[in-house]
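Enquirer: With the hints as your guide, set chain B onto chain A.
This is what each chain is made of:
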Amino acid sequence: MTPPLVLELLPALIDLPFRDGYVSSIVWVSLSVSLLAVTLSTLVSIPTAILLGFREFPGRRLLKTLINTGMGFPSVVVGLLVLFVVSNQGPLGSFELIFTRQAMVMSQFVLATPPITAISLAAITGVRQEIRDAARALGGTRLDVALVVLKEARYGIATAILAGFGRAISEVGSVLIVGGNITSASGISRTRTLTTAIQLEARQGQYETALMLGAVLLVLVLTVNAIVVRYGDGGIQR
Amino acid sequence: MLRARNLAHVYEETTVFEGLSIGVEPGEVLAIIGPSGGGKTTLLELLSLSLPPTAGTVSVGGVDAWAADAASRLALRRQVGMVFQEASLFGATVARNVEYGLRIRRSWRARVRDQLSGLWGATETSPAVRDALAVVGMDDQRDQPAGALSGGEAQRVAFARALAYDASVLLLDEPASDLDPRNTAALEAAIEEAASRGIGVVIATHDMHQARRVADRVGVLLDGQITEIGPPAQVFERPTDERTRRFISGELVY
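One line per chain: the protein sequences are A and B, in this order.
The working numbering puts the first sequence at residues 5 to 242.
The working numbering puts the second sequence at residues 9 to 262.
In case anyone wonders, no lab produced these hints; they're calculated from the structure.
Owing to the predicted nature of the structure, the values given are computational and were not obtained by experimental measurement.
Hints may contain errors.
Claimed, not checked - The list that follows gives simulated cross-link-like pairs (lysine to aspartate or glutamate, DMTMM-like), each with its CA atoms no further than 20 Å apart:
#1 A:155 / B:72
#2 A:155 / A:137
#3 A:155 / A:134
#4 A:155 / B:186
The following block holds chain A by itself, in its conformation from the complex (with noise of 0.2 Å):
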């Protein structure tokens, strides 16, 4: 029997209208940088999570709603600010970051933190203080009964993540700005993401290209969704 068309013309096909590595670069790229920007937002997110669910202090409430208006932050505006710190003026001037996947990194740690943080918290505090209670009354320190209350707010933290991925991977306004949209010489992308090359390809009238290069972005954050929602819990709950 022979294979699917769809299977025999697919390796063909996406770097068909191409020079050889273009969009397998390009989508380096955008899964390099957004999983770099989801990993170092995720770190900073769930510590800040736990601290806003688990402790009272001053200034929680001014944290809370820094974060809740960020979760609303246009990215175009992100990247402006991202621009101005790395830009030879700006603070990080020294460090030459502007047009570098590391400037992405940075514009999409800014958008995809407060999702993350938000979403964790909402799991986090939706965990019922009954549970809290009875991994105290097991002999819980409060380390014990944070770890409880994670381990339960698990499908939520994952959601988060999955959020502020999804917020990095699909997102055009800031890695435009800070990245510059850069190929190099032989066609190999620098700073090109999936979406800065589809915004190209639609404005140059390439649709079909455009349309290739987003069933490719579609077909990746399904495919991410659908590892963390397999192997999440893996159908036993342990």
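Expert: Relative to chain A, chain B alone:
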């Protein structure tokens, strides 16, 4: 074993107790009866060392818990198990729930190793866990997710969870108030088994029949005081205190 002396608790300027003394011996079942909202839960919270008393002492094995440092108090607190009115099981299998008390008493190294080996596949259920589950008649369901249990089964697992780590005292706060007769019987049998192993059990209940069935001694908590304490027959049939008599006969309604 567990003893409270001259306990006072003031909550938002309202005195809940004053000068209350009570204790439970190893292997004894002590029922605390009293009206709802009469402070039974607060008394158990004080006895479980999760709430510092306004005045008075709570001692475990002769050691005054609130005079001890935090580390010793944790060790004392870990000798006291508590089961709440609501089962509040964790989102894990029945066995993992029951194992919890044992797990957090292990070293961090052992706990991390246990977590990692859990990623590969199911770990062996420890004998202490299986024994505790057998006491409540739930060993068959040890691999089920706790969320799939009925309310009564969940409460039995909650009891096993407190029994598994060898506490010297178990405090039960209305553990059977939402249970059907079959689950209530299983729980009461488990209470007897725990007592026969030398564990002191304090059960707060508003069910006088249950107190009669399971308790070696009954204490009546009225108006922030233990108005009567003694064997069930004495407390229910020949109470010396007038308020106790009126409460038990149903004349005194709160």
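Enquirer: Take a quick look at whether residue 155 of chain A and residue 72 of chain B sit within 20 Å of each other, Cα to Cα.
Expert: 34 Å, violated
Enquirer: Between residue 155 of chain A and residue 186 of chain B, is the straight-line Cα distance small enough, at 20 Å or below?
Expert: Distance ~27 Å between residue 155 of chain A and residue 186 of chain B Cα, so the pair is violated.
Enquirer: Check the hint pairing residue 155 of chain A with residue 134 of chain A against an upper bound of 20 Å on the C-alpha distance.
Expert: 15 Å, holds
Enquirer: Residue 155 of chain A and residue 137 of chain A were given as a pair; does the straight-line alpha-carbon distance stay at or below 20 Å?
Expert: 15 Å, holds
Going down the numbered hints, you'll see the structure goes against 1 and 4, while the others check out.
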